[in-house]
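Novice: Given next are the chains, with one letter for each unit.
Protein chains: 2
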Amino acid sequence: MEKTLEVAKTLTTKLANLSPKVKNSLLEKMSKDILKNKEEILKANEKDLKEAEKNSLPEALVERLKLDEDRILDMANSILEIAKLNEPLGRVLEGWVNSDGLRIEKVSIPIGVIGIIYESRPNVTADSAALCIKSGNIAILKGGKEAKHSNSIIAKTLQDSIKKFDLNPNIITLLEDREDVAKLIKQDKFVDLIIPRGGAKLIEYITKNSTVPVVKHDKGLCHIFIDKSANFNEAVKIVKNAKCQRPGVCNALETLLIHEEIAKDILPMVYEELKKEGCEFFGCENAQKIVKISSANEDSFHTEYLSKTLNIKIVKDVNEAIYHIQKYGSGHSDSILTYDLTNAELFLNSVDSSVVYLNASTRFTDGGVFGFGAEIGISTNKLHARGPMGINDLCTYKYKIYGSGQIRE
Amino acid sequence: MEKTLEVAKTLTTKLANLSPKVKNSLLEKMSKDILKNKEEILKANEKDLKEAEKNSLPEALVERLKLDEDRILDMANSILEIAKLNEPLGRVLEGWVNSDGLRIEKVSIPIGVIGIIYESRPNVTADSAALCIKSGNIAILKGGKEAKHSNSIIAKTLQDSIKKFDLNPNIITLLEDREDVAKLIKQDKFVDLIIPRGGAKLIEYITKNSTVPVVKHDKGLCHIFIDKSANFNEAVKIVKNAKCQRPGVCNALETLLIHEEIAKDILPMVYEELKKEGCEFFGCENAQKIVKISSANEDSFHTEYLSKTLNIKIVKDVNEAIYHIQKYGSGHSDSILTYDLTNAELFLNSVDSSVVYLNASTRFTDGGVFGFGAEIGISTNKLHARGPMGINDLCTYKYKIYGSGQIRE
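Protein sequence lines correspond, in order, to chains A and B. The opening residue of the first sequence carries number 1 in our numbering; numbering runs sequentially from there. The opening residue of the second sequence carries number 1 in our numbering; numbering runs sequentially from there.
In isolation and in its complexed conformation, chain A is listed as follows:
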């Protein structure tokens, strides 16, 4: 492991200084080679699916794991889209001349060596490798063991493309052993960043044990607060969209907060509409007085269901809503539905989640929707990157200072 990473580290300078044209041609080649190797990739995926069946993997995971012709085409297209993104390196983020006459430029550069730890979806292997190459970073990939055959052939395909460009194929490395995670997160000498994507346990384990800085893609416990002055029809549509359009994702709604003065009117509307979609509900005492739903407890409000289940709580006002979100939220995405300017501003300024919304569904927290193109994940960190992480968030910066003999007095 240490040997592998030491080699990886030595490749950073060359990759960082590759011309955008060469990088983009390489990505185009990778995209083509993925399509060319379609049959082999499907065969490997078949092996993973058989083992999944043998191990009785949950259906949701099997669905994520499964590849078909369309998904391989998507994978290839996604690499092409990444090739088309604006060059992320060498952007002058700021520049000025100081009082000594030094010309100071703050310039975007790669982070260096990035370890990405993920589960199930084999397309993450291709996406992560492509995003890292585009941003000049060495990618150390560790996929889930359930996808090992698929990930292995995808990584091999990409490495073969790299070889044809006379580059060292180890600019991307796929780790195969489960024990590799424990080792990887201790290699702060060679690894600059760990990005874990996965279940709560994985994230917690890595946060507690990593000596390498971590940008985590943690849970999304998202809230919507329907204020007194909300537009009811708009509110019902937004809540339905946030809860039901794709309940298994991190930007889906988990807890609905409703202003007490309108609860009697709006809650039955929400309830009817979501029941049609097959939703289950857990509510506070006051909510239970209005609609027939199960009783929510302290645990309910801490739960990221990732299914068609919704918590409902009646609150006194926007302040109680903010308090609830600060206490139970995960700092991901939270929305207020209101046409009261004071409450809108109070909510947007006080809730310190990575994305706060006014009159919109939480489902928009997404790199594509933001216009970033492919995303490496959605950060729930406070530092370095928050919310959807696009290609620019895989960069750091350095100061380049141009002098003409200056010394400090």
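Incorrect hints may have been included.
As the list makes no split between identical chains, a pair holds if one copy fits it or if it spans any two.
Said to hold, decoys possible - Derived pair list, reagent style SDA-like, types lysine to any residue, alpha-carbon separation capped at 25 Å:
| hint | residue 1 | residue 2 |
| --- | --- | --- |
| 1 | LYS189 | TYR205 |
| 2 | LYS316 | PRO268 |
| 3 | LYS327 | ALA200 |
| 4 | LYS29 | PHE165 |
| 5 | LYS264 | CYS284 |
Derived from the structure by calculation, the hints contain no laboratory data. In this text the structure is predicted, and so the values were computed from the model without any measurement.
Dock chain B against the given chain A, drawing on the hints supplied.
Specialist: Chain B only, in chain A's frame:
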């Protein structure tokens, strides 16, 4: 400890939303109160100095610890300067309308609760508190035990100023026990960032054990490479400035690299000039053939002397210089002296230290010099902030999204 931090966390929203006018008046009050309490502060410092004498603290540390009227005036002025900085919160860093018609704003906000761990200098207590208040962050301060009486009275003075503004004085908290550090760095539930400033052992301990993200102020092992085409007179002045102007600081020079083709001419000039300043030298074999100096070994090149000691190594070309810096450097500040455009670009692009210089002394790596005003430290991290950390680096951001009923299709 947990109780203290839980209280601190609840204060974040109020502090984040304080008006700039109130914050600046508070800082002005703090500055005045520091001056008003001058006698008490000097008395407390006297106690620390007596204990320092009893414990035979090294002279350099005593020098840092010592306060006098001038230093207290500097401390008060520094708080005033921080008050005068541009408001760091609420800056719209980017803003656009996406294809759904959502208005997206990326806005600067406070990080939250920041733990700052430092040594000796009591003025860091006042500076850190003021920088945190200005940037809307709760400050958890842990100074060195050698400065405990000074830090305690300074913190109490500042807390008294805060009380007069009807604010909770716990927006700054001074931890007093040595064991507090070990506890603090495990409180990821309440603390958002740890900034350690101090010796290598402290930094290493915190990096290895913290579950809270760390932005470290690590060692500065800075290099200058004199290329073949350097201007000799300029080079001698710059090397002398970088090594001798203030050898005890992190941006001072530790290792000088010289192109082999000019070593015979420039090395004696450097040697004579620095010897006059009282410098000692360790050199590679080839350097020892030119001037009478001690022999450098592998350890020498890893050493941050923080004194008038200099390593000298003759290298074949700019590539060997870059290789040496990547191997032995600490990613702080490195400079090339050259008038060859190709070599200048190669060096500036390949050395990935936080600050890279062309024809200037490494001593310019400093928040004041950069025009940032007061600095909280110099980051040797790859993520979040690199190089001099000004007030804006104590901020993170969130996305505020303004909709009008949008749902995701």
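Novice: What hints, given by number in increasing order, does this structure fail?
Specialist: Hint check: nothing fails, all pass.
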